[in-house]
Amino acid sequence: RRPQLSLNEEDYIHFRGQRVDATFVSAAEATVAVCPGDAAHFELQPRRGFKDMMVYHPGGLEEGSRADSEASRFWAAVGTGTTSVPLSLAAGDEWCGEFVVRFHNRYWKEPVFGEE
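Heads up, the sequence shown is in this note's numbering, so the first residue is 57 and it goes up one at a time.
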């Protein structure tokens, strides 16, 4: 695998069966919502200590892949961390981060991007 840097110019990301392995820099400064495709959604809120968000989806099955990986089409991993700016701690120092996942049992309201 070779790392690559690209820009996502959309306000959303779709998996659509394709592999996604991305880090979103400074995602803590935005609202991040994940809709699994039904009438519910998750709201992700990095509150402190975490600035970046990672998204991984393995994508669809490839020719010759294991049959039990069929389930990989139905999940994605979302995480948070500090990847774009190094964090150094001196011996004995402490660091704390807080990340909140909220479940809403309703579909989200369509966001109006670009309006205040």
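Hint data in this document are derived by calculation from the structure and do not stem from the laboratory.
One should not assume that every hint holds.
Restraint ranges, calculated between C-beta atoms of paired labels, are given here [what the hints assert, rightly or not]:
#1 A95 <-> V156: 31 to 39 Å
#2 Q60 <-> G148: 17 to 25 Å
#3 I69 <-> K165: 14 to 22 Å
#4 R72 <-> N161: 21 to 29 Å
#5 A146 <-> C91: 39 to 47 Å
#6 C91 <-> G148: 39 to 47 Å
Virtual Cβ for every residue (Gly too), placed ideally from N, Cα, C.
These are the hints, each one checked on the structure:
1. A95 <-> V156: 31 to 39 Å: violated, 22 Å
2. Q60 <-> G148: 17 to 25 Å: For Q60 and G148 the Cβ distance comes to about 38 Å; the hint is violated.
3. I69 <-> K165: 14 to 22 Å: Between I69 and K165, where Cβ atoms are some 19 Å apart, the hint holds.
4. R72 <-> N161: 21 to 29 Å: Holds: the Cβ-Cβ distance is about 24 Å, inside 21 to 29 Å.
5. A146 <-> C91: 39 to 47 Å: holds, 42 Å
6. C91 <-> G148: 39 to 47 Å: holds, 43 Å
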